[in-house]
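Following the hints, position chains B, W and E against chain X.
What follows is the residue order along each chain.
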Amino acid sequence: MADVIMRVAAVLIFSGLFAGLIRLVLGRTLIDRIAAIDMLTVMSISLITLYAHLSGRFTYLDVALVYGVLSFLGVLATARYFENGL
Amino acid sequence: MGFPPVSHLVLATGCSLVLIGFYGMLTHRNILRIIIGFSLIDTGIHMILVATGYITGGTAPIIDEALSLDAAATRSVDPIPSALVVTAIVIGLSVTAIMLAYAIRLYETKQTLSLDAFTESKW
Amino acid sequence: MIRRGFIILALVLFGLVFARLIGAYQEQSVLRPLAEHYVTQGPRELGAANVITGILITYRGFDTLGEVAVLFMVAAGLGLLLRRDGDGPSVSANTPLRPASELVVTGTEVLLPLIFVFGAYVIMHGHLSAGGGFQGGAIVASAVLLLLVTQPLTRLRLDLLSITESFAGVLFVCIGLLGLILAGGFLDSRFLPQGQLGAFFSAGAIPIISILLGIKVGAELSVIIDRFRR
Amino acid sequence: MLDLLILLICTGILASGVLAVCLKDLMAAMISAGLTSLFAAVSYVLLAAPDVAMAEAAIGSGLATFIFLYAIRRTSGGVSTMETGEE
Chain X
1 MADVIMRVAA VLIFSGLFAG LIRLVLGRTL IDRIAAIDML TVMSISLITL
51 YAHLSGRFTY LDVALVYGVL SFLGVLATAR YFENGL
Chain B
1001 MGFPPVSHLV LATGCSLVLI GFYGMLTHRN ILRIIIGFSL IDTGIHMILV
1051 ATGYITGGTA PIIDEALSLD AAATRSVDPI PSALVVTAIV IGLSVTAIML
1101 AYAIRLYETK QTLSLDAFTE SKW
Chain W
2001 MIRRGFIILA LVLFGLVFAR LIGAYQEQSV LRPLAEHYVT QGPRELGAAN
2051 VITGILITYR GFDTLGEVAV LFMVAAGLGL LLRRDGDGPS VSANTPLRPA
2101 SELVVTGTEV LLPLIFVFGA YVIMHGHLSA GGGFQGGAIV ASAVLLLLVT
2151 QPLTRLRLDL LSITESFAGV LFVCIGLLGL ILAGGFLDSR FLPQGQLGAF
2201 FSAGAIPIIS ILLGIKVGAE LSVIIDRFRR
Chain E
3001 MLDLLILLIC TGILASGVLA VCLKDLMAAM ISAGLTSLFA AVSYVLLAAP
3051 DVAMAEAAIG SGLATFIFLY AIRRTSGGVS TMETGEE
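Here the protein sequences come in this chain order: X, B, W and E. Using this note's numbering, you'd call the opening residue of the first sequence number 1 and step up by one each time. Using this note's numbering, you'd call the opening residue of the second sequence number 1001 and step up by one each time. Using this note's numbering, you'd call the opening residue of the third sequence number 2001 and step up by one each time. Using this note's numbering, you'd call the opening residue of the fourth sequence number 3001 and step up by one each time.
These are calculated hints, taken from the structure and not from any lab test. Heads up, the beta-carbon is just placed ideally off N, CA and C, and yes, glycines get one too. There could be a bad hint or two in this list.
[To be verified] Reference listing, derived: stretches of chain W covered by chain E, where coverage requires no fewer than 3 residues with Cβ under 8 Å from a Cβ of chain E:
(1) 2011-2021
(2) 2042-2055
(3) 2154-2161
(4) 2217-2228
[What the hints assert, rightly or not] Computed list of lysine to any residue pairs in SDA-like fashion (alpha-carbon distance at most 25 Å, straight line):
(5) E/K3024 / X/D3
(6) E/K3024 / X/S55
(7) E/K3024 / X/R23
(8) B/K1110 / B/L1019
(9) B/K1110 / W/G2185
(10) E/K3024 / B/L1019
Next up, chain X with everything else stripped away, as it sits in the complex:
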């Protein structure tokens, strides 16, 4: 059962990364690209978590926490840049 769940999660993360990359490359406006980058960060967090489970090393989860901090900070900073607040 757990194996099936892992496979489903891997497929979902793969398709999420793929869709984010497509939006990043094609993205019409800058805002589209920033939204795609935020999504790609979240997908990277889940990818690291999945790999930490697969390899059995839970020290990798600290890196995912750093990504969580960065995800919030990055979008906030770019948004403040556009509203002329930086």
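The following block gives chains B, W and E in isolation, referenced to the frame of chain X:
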């Protein structure tokens, strides 16, 4: 599996990233874009260094429940490139910061960032 | 046009060099002798479960000291380069900054202490799990950056930060000299009891050096960020 | 499994690297360069170097991008008199 080994993939990506950054540095005339190319080269070199430290099927050299002290010699990856790259990343940030500060100073004197405007400093 | 030709030529030559390097590279299956010594003997000698932190702080401690000196010089040089002139043209100074919305300010107030705690965790747990002085210092500096982004009118106490980082640097060198006197060499961390491998109070002086390094790096990166604001 | 993950991440690195060089908008190019570092950090985790991944994510992708942001702000973004094209 027809796949090449994992470290070869990362090595090839790092080398391509160095080439991409080099191309960007050579073609663009905007100083900020040249700095972006420089940081791409930086990232590529870090990837090359980390990839040379990978051992087939290795895991992180951190001793805990998942990796006992006796198994570390056979299962862990090479820690020396990792330690070098950690210092290299911080130095890369310092170099980028200095270059950006010079870019800001140049902009304050000439009100432009194009390389074509700074003709008197060419030699 | 001829310039473009030269660029392509240079790229192709570099590409050939890289292709030969990659083609000749063999992925290793065993550790090199020096790395094997570090991985097998490092935890026994130093008591640090994280071999990379052990290498960074003790075996290659002198490199780390030099690197911190480079960071200090960068912070000082930026102060010289980006000093605010009396009549500086300062293109963007005439447009007033827009304050952040209340949602962002409240969210930051909730999140900021958590990020600081996480940074402290990364610094102080550096000898047991992934992390250490540099990474934790960078996280602390990100928290300072978050504060500066949401409340752009904040003034950092630059003099206080300078004093803090100077004290951390002096203590760093002092601990290095203690290692020289009481143990094997400069920055040798074995003059304190080694403790149980994997316990929080272990690894000799590595956690103390790590904390000093984290304070110093965090303060210096905060100063570097603050110099770049208008 | 590891092969596939690395392959996908390498594709992401190359795509964002090419975007960082090719995009006309300076801001978008800068963000793409930050994304390159972010994906590189994921590849470091997959290569079993979590310390390097943490440093690259916090410093290379976080602080460096924001310093770029401040620098673009102080040089007033894309300057109109500037040639961004090639030659």
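Taking 25 Å as the top limit, are the C-alpha atoms of E/K3024 and X/D3 close enough?
violated, 45 Å
Satisfaction of hint between B/L1019 and B/K1110, Cα-Cα up to 25 Å
Roughly 31 Å between the alpha carbons, so the hint for B/K1110 and B/L1019 is violated.
Are the Cα atoms of E/K3024 and X/S55 separated by 25 Å or less?
Violated - the C-alpha atoms of X/S55 and E/K3024 are around 41 Å apart, more than 25 Å.
Count the residues of the segment 2154-2161 of chain W with a beta-carbon closer than 8 Å to any beta-carbon of chain E: does the count reach three?
violated (count 0)
Starting from B/K1110, check that the Cα of W/G2185 is at most 25 Å away, please.
violated, 52 Å
Is E/K3024 close enough to X/R23, meaning Cα to Cα at most 25 Å?
holds, 17 Å
Within 8 Å of chain E (C-beta), three or more residues of the segment 2011-2021 of chain W
violated (count 0)
Between the segment 2042-2055 of chain W and chain E, are there enough contacts, at least three residues with CB-CB distance under 8 Å, for the coverage claim to hold?
holds (count 3)
Would the hint linking E/K3024 and B/L1019 be met if the CA-CA limit is 25 Å?
Holds. E/K3024 to B/L1019 sits at ~19 Å (cutoff 25 Å).
Is the listed coverage of the segment 2217-2228 of chain W by chain E valid when you require three or more residues with a beta carbon under 8 Å from a beta carbon of that chain?
Coverage by chain E holds for the segment 2217-2228 of chain W (4 residues, Cβ < 8 Å).
In this structure, the earlier hints numbered 1, 3, 5, 6, 8, 9 are contradicted, and the remaining ones agree with it.
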